[in-house]
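Q: Next come the chains, spelled out residue by residue.
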Amino acid sequence: MEPWEEEEGPVKKFMYVNRKVPYGTIYALESLEVVLIAAAFDQDVTLVFIDDGVYQLMKGQDTTGIGMKNFSPTYRALEGYDIEKLYVEKESLESRGLTPDDLVVDVEVKTRSELADLMEEQDVVLSF
Amino acid sequence: MAMLHTVNKSAFENRSLDSCIAHAKPGSSILLFEDGVVAAMEGTVISDKIKSILGDIKVYVLGPDLRARGLSTDKVIDGVTVLEDYGGFVDLVTEHDNVQAWL
Numbered sequence: 002m003e004p005w006e007e008e009e010g011p012v013k014k015f016m017y018v019n020r021k022v023p024y025g026t027i028y029a030l031e032s033l034e035v036v037l038i039a040a041a042f043d044q045d046v047t048l049v050f051i052d053d054g055v056y057q058l059m060k061g062q063d064t065t066g067i068g069m070k071n072f073s074p075t076y077r078a079l080e081g082y083d084i085e086k087l088y089v090e091k092e093s094l095e096s097r098g099l100t101p102d103d104l105v106v107d108v109e110v111k112t113r114s115e116l117a118d119l120m121e122e123q124d125v126v127l128s129f
Numbered sequence: 651m652a653m654l655h656t657v658n659k660s661a662f663e664n665r666s667l668d669s670c671i672a673h674a675k676p677g678s679s680i681l682l683f684e685d686g687v688v689a690a691m692e693g694t695v696i697s698d699k700i701k702s703i704l705g706d707i708k709v710y711v712l713g714p715d716l717r718a719r720g721l722s723t724d725k726v727i728d729g730v731t732v733l734e735d736y737g738g739f740v741d742l743v744t745e746h747d748n749v750q751a752w753l
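Protein chains in written order, with the working numbering: chain X, 2 to 129; chain W, 651 to 753.
Just so you know, these hints were derived from the structure itself, not from any lab.
It is possible that some hints are incorrect.
In silico lysine-lysine, DSS-like type, Cα no more than 30 Å apart, as pairs [stated by the list, open to error]: (1) X:Lys-111 with X:Lys-14; (2) W:Lys-699 with X:Lys-91; (3) X:Lys-111 with W:Lys-699; (4) X:Lys-91 with W:Lys-701.
To spell it out: a stretch of chain W is covered by chain X in this simulated footprint if at least three of its residues, at any positions, have a beta carbon under 8 Å from a beta carbon of chain X; those stretches are [said to hold, decoys possible]: (5) 671-681; (6) 687-695; (7) 698-705; (8) 719-733.
So these bits of chain W aren't anywhere near chain X, every CB distance computed over 12 Å [stated by the list, open to error]: (9) Met-653; (10) Arg-665; (11) Val-740; (12) Asp-741; (13) Leu-742; (14) Val-743; (15) Thr-744; (16) Glu-745; (17) His-746; (18) Asp-747; (19) Asn-748; (20) Val-749; (21) Gln-750.
No residue lacks a Cβ here, since even glycine has one placed at the ideal position from N, Cα and C.
Excised from the complex, chain X in its bound form (with noise of 0.2 Å):
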């Protein structure tokens, strides 16, 4: 047997938290790249988009103007690697008069209160 065939290890829950607008930091796209690191060691990936990590998902993005490359499809190849959990904060999206056909993915608006549980659930919590 080699070494990548060997038993899978345990699998924990991981959270990543996106709180920030795309392209004026590096967070959003570094949070991805870390996203599916974790997708390649098959574990139980939730990424939740709250504050300003709601305009990581918006529409439309054309980064032609500022010269930086635009993240925004890998969104939707994330169903691809079997990351399905995508939550958006409802009060995030209200205070920033957005509504969930702005956005580039299906996701599930959930409050406030529900993704502070669903916080608690998990194994490891990662901020961006």
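Since the structure of chain X is already known, use the hints to place chain W on it.
A: Showing chain W alone in chain X's frame:
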């Protein structure tokens, strides 16, 4: 003495815009760019803050930074001027006597 103030941080998570507004005198200008552009949008909890200063202060927002974030120029607050490119930023700098960057 017209002064240009620039804000490049989100007003939802940072006090830069508040400090900027508190220090900007009538006749001066504010440019929102990078993550700061979110404050230019209509229908948010901070829209009124921008609307309240528009009579005294010219407010600009950088179009390329709006478009990068999927923010439609159609939903920018009435009275806020959208600059089409970074050349517009340079023009603003030359048209003002000095610049304060609220980082």
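Q: Hint by hint, note whether the structure agrees.
A: Against the structure, the hints come out as follows:
| no. | hint | verdict |
| --- | --- | --- |
| 1 | X:Lys-111 with X:Lys-14 | holds, 18 Å |
| 2 | W:Lys-699 with X:Lys-91 | holds, 22 Å |
| 3 | X:Lys-111 with W:Lys-699 | holds, 28 Å |
| 4 | X:Lys-91 with W:Lys-701 | holds, 25 Å |
| 5 | 671-681 | violated (count 0) |
| 6 | 687-695 | holds (count 6) |
| 7 | 698-705 | violated (count 0) |
| 8 | 719-733 | holds (count 5) |
| 9 | Met-653 | holds, 23 Å |
| 10 | Arg-665 | holds, 14 Å |
| 11 | Val-740 | holds, 14 Å |
| 12 | Asp-741 | holds, 16 Å |
| 13 | Leu-742 | holds, 16 Å |
| 14 | Val-743 | holds, 18 Å |
| 15 | Thr-744 | holds, 20 Å |
| 16 | Glu-745 | holds, 21 Å |
| 17 | His-746 | holds, 23 Å |
| 18 | Asp-747 | holds, 27 Å |
| 19 | Asn-748 | holds, 24 Å |
| 20 | Val-749 | holds, 19 Å |
| 21 | Gln-750 | holds, 19 Å |
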